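Novice: One letter stands for each residue in the lines below.
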Amino acid sequence: MNPALNPPLSNPPVATPYFFYGLAAIMIIGGILVITRKNAVHSALALITTLLAQAALYLMLYAPFVAGVQIILYAGGIMVLFLFVIMLISIERQEKERPFNKQWLVGMVAAAALGGLFIAVYTTRTRGSVLFPPVGRESYVEGQNTQGIASLLFDLHSGTYMFAFEIASLLLLVAIIGAVVMAKKRI
Amino acid sequence: MHDFLRYIESYLGSDKTPGTAGNIFWATVYVLLVFVGLSVAVIAMNWLERKILAHMQVRLGPMRVGPHGLLQPIADALKLLLKEDIIPAGADKVVFWIAPFIVVLAAFTVFVVVPFGPTHAITDMNIGILFMLGVSSLSVLGIVTAGWASNSHYPLIGALRSSAQMVSYEVAMGLAVVSAILMTSLNATNTGTLSMIGIVEAQKAEAVWFLFKFFPLGIIAFTIFAIAMVAETNRAPFDLPEAESELTAGFHTEYSGFRWSLFFLAEYSAMIAVSSIAVTLWLGGWLRPFPNLLQGPTWDLAFSLVPGLTFLFLGGMCFYNTARMPKHPLFKVQTVGLAGFGTLLALIGILMFLPPLRDRVGDIFWFSAKVAAFMYLYIWYRGTFPRYRFDQLMKVGWKVLLPTGLALLICTAIWALRAQVWADVVIPMWTGFVDRLRSIF
Amino acid sequence: MTDISTLHYLVLGAALFLLGVIGVLTRRNVVIVLMSIELILNAVNLNLVAFSRYWQSIHGPSALHGQVFAIFVITDAAAEAAVGLGILIAFFRNKETVNVDEVNLLKW
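Chains as they are written, first to last, in this note's numbering: chain A, 148 to 334; chain B, 297 to 737; chain C, 1467 to 1574.
Treat the hints as calculated values from the structure; they're not laboratory data.
Note that the structure is predicted; figures quoted are calculated from it, not measured.
You may find that some hints are simply not true.
[What the hints assert, rightly or not] Once the Cα atoms are required to be at most 27 angstroms apart in a straight line, the calculated BS3-like pairs of lysine-lysine come out as: (1) B/K389 with B/K509; (2) B/K312 with B/K666; (3) B/K628 with B/K347; (4) A/K331 with C/K1573; (5) A/K331 with B/K695; (6) C/K1561 with A/K331; (7) A/K185 with B/K389; (8) A/K185 with A/K249; (9) C/K1573 with C/K1561; (10) B/K347 with B/K666; (11) B/K389 with B/K379; (12) C/K1573 with A/K249; (13) B/K628 with B/K500; (14) A/K332 with C/K1573; (15) B/K389 with A/K332; (16) B/K628 with B/K375; (17) B/K389 with B/K628; (18) B/K500 with A/K332; (19) A/K185 with C/K1561; (20) B/K347 with B/K623; (21) B/K347 with B/K379; (22) A/K331 with B/K666; (23) B/K375 with B/K389; (24) C/K1561 with A/K249; (25) A/K332 with C/K1561; (26) B/K509 with B/K628; (27) B/K375 with B/K347.
Starting from the given sequences, assemble the full structure and let the hints guide the process.
Specialist: Right under this line is the structure:
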């Protein structure tokens, strides 16, 4: 951590561990509800809760613009799309069938292997010291987050991601055309 | 007691909103004030809508419940609270119960960043306008779940139509908002701001409401937003999904009593919220008319007398109508009630002449007056325009407002940065082209 | 309680990723599989933004590369959700089922 770039914050964060653990609990419970509910609308509502808690976590990580984008796009756009499709498709179905598919046992074994991998990675100690230093005390200039992201995306002379931005717009155009063509009744 | 008063005095002299200053006590006080103010505003809107619509249709509206129907909203609220709570058979109880709360949550959370004055906001997030647009788009989720949870055809179709309409007009709103945000970046450091208080400060610094900036561009942006905001809140003339003569009240058909009143509360709060966005972005927020042109202590004094004069005028109208009440013993209670209401308004008006209150209330008054003008426009539209059919509605949203918004955004961007565009883009392209021609011949 | 370090956010991201993978591999309803994919993408976003915070502490307050990447991931997730649900609607129109086990037209 570079001390020259990290002056003490004028507005130090308040009650951070409580907020973090509370939001993390909401996210984990929401995730578990998403993958275990039989009713697709209940899963969608649980996913919305998870997404909103994630937006709050982005605010804790001093990323307000990404939090705003998450609320507008994910919770207010993608989840509305999901709810539309659920209502158009599942309207006649009685969700009284069993929720898990035929290969659930193999799936659980694979997920357990992945879980073991994660645990192995995150409990590695590099000679007894913690993997990363504490977050939340580093440099943050109030009111410069959006401008910083904009200068990375759009600046004429130093915009690293300008090309990626244009490609992303092209990707969205292709996705719109693709979705319209896929969902049309007669091409 | 003295320490408490000194604490209040010391706080009122600060130059930050309670959220940015990290002051939890004052933030809670402001939250309660906004909540109470919003409830009073919704009740007033209910009464105003019925009376103004009635007068536009050459009739009188509610006159019996209290003098000139002033107690009608309270009677309506009591009726709704005491009504039987019916849940349709086969409806998903949990989702049916949550849906109104999602809509109310979305409609009320928006007011966290609404600026009633330079320090009179609950907080000043530096992504203020982004937050407002995002949270108001969460109400679509509540509407969709409400329609689905009712387990009935009309609400489902109404919910799908309503949410399709809201999502379509959000795009046009976003484009109009972005072109207004572009105008905030014309200051010394060439950085704009998304914070609501920053936008109004930018209008003050550039000495012009963004409505009149770059002459037709500001007005076109405002028009796009004004149309889109009426469609966003499902109000006439875009109220096909919820009008009573169409889909039997659309997504809130199966909701009765208190749950319906939650939807109603959320709809009026959303109206006030998007009007606040329009007022902040284009109409100068809390600034009094001509803050830069008519400067100086005498003009400040003159404009700061306006709130008091307005309330005195309203009180005077109440007294005038008291004099016009029929002189019949059955009307005694109403006459006395109206006179009492008039006295209350006149007292508030006189209170607003006192110097400590006069200086602080001015910002809130001008902001509320502008929002009230928008509320009157909403009611005027309802009384005047016929309803759009759904396909016409979607056509207007996608085929008219969206291309206009895009063209407007491009024109605003080019005009705002015209010097830079000329020097960095046009001149090099032209000289490169001329050099290439010269190297060929 | 201890200070919240980057590691806390990474472990939370890993837990969400694991939940998403379980959802993708074991659920029958295609829509819920797609929602689990959104969970996975969100876990990745959380990692990116946490690392962007860590990078800011080393390289100054304008080193926001992780956040820009997270915005791109959100954009991609929107595009992919739209196309995926379009495919789902087209499939549902033909076969009247949203059951993953019955998506076996190309099975030999």
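Novice: For the pair supplied as a hint, B/K389 and B/K509, confirm whether the alpha-carbon distance does not exceed 27 angstroms.
Specialist: Not OK: B/K389 and B/K509 at ~51 angstroms, beyond 27 angstroms, violated.
Novice: Just to be careful, I want the Cα atoms of B/K500 and A/K332 compared with a cutoff of 27 angstroms; is the pair within it?
Specialist: Given that 27 angstroms is the threshold and the Cα spacing comes to 53 angstroms, the pair is violated.
Novice: Take the C-alpha atoms of C/K1573 and A/K249, compute the straight-line distance between them, and say whether it is at most 27 angstroms.
Specialist: holds, 15 angstroms
Novice: Need the status of pair B/K628, B/K500: alpha-carbon distance at most 27 angstroms?
Specialist: Violated, at about 51 angstroms.
Novice: Does the alpha-carbon distance linking B/K509 and B/K628 stay inside the 27 angstroms limit?
Specialist: It is violated: about 54 angstroms lies between the C-alpha atoms, which goes past 27 angstroms.
Novice: Going straight from one Cα to the other, do B/K347 and B/K666 come out at no more than 27 angstroms?
Specialist: Holds. B/K347 to B/K666 sits at ~20 angstroms (cutoff 27 angstroms).
Novice: Please verify whether C/K1561 and A/K331 have alpha carbons no more than 27 angstroms apart.
Specialist: holds, 16 angstroms
Novice: Against the 27 angstroms threshold, does the CA-CA distance of A/K185 and C/K1561 hold or violate the hint?
Specialist: OK: A/K185 and C/K1561 at ~21 angstroms, within 27 angstroms.
Novice: Just to be careful, I want the Cα atoms of B/K347 and B/K623 compared with a cutoff of 27 angstroms; is the pair within it?
Specialist: holds, 23 angstroms
Novice: Can the restraint linking A/K332 and C/K1561 be considered satisfied, given a maximum Cα separation of 27 angstroms?
Specialist: holds, 14 angstroms
Novice: Does the alpha-carbon distance linking B/K375 and B/K347 stay inside the 27 angstroms limit?
Specialist: Since the Cα atoms of B/K375 and B/K347 sit roughly 19 angstroms apart, the hinted pair holds (cutoff 27 angstroms).
Novice: Are the Cα atoms of C/K1561 and A/K249 separated by 27 angstroms or less?
Specialist: Cα-Cα ~19 angstroms, so holds.
Against the hints set out earlier in the document, violations occur for numbers 1, 13, 15, 17, 18, 22, 26.
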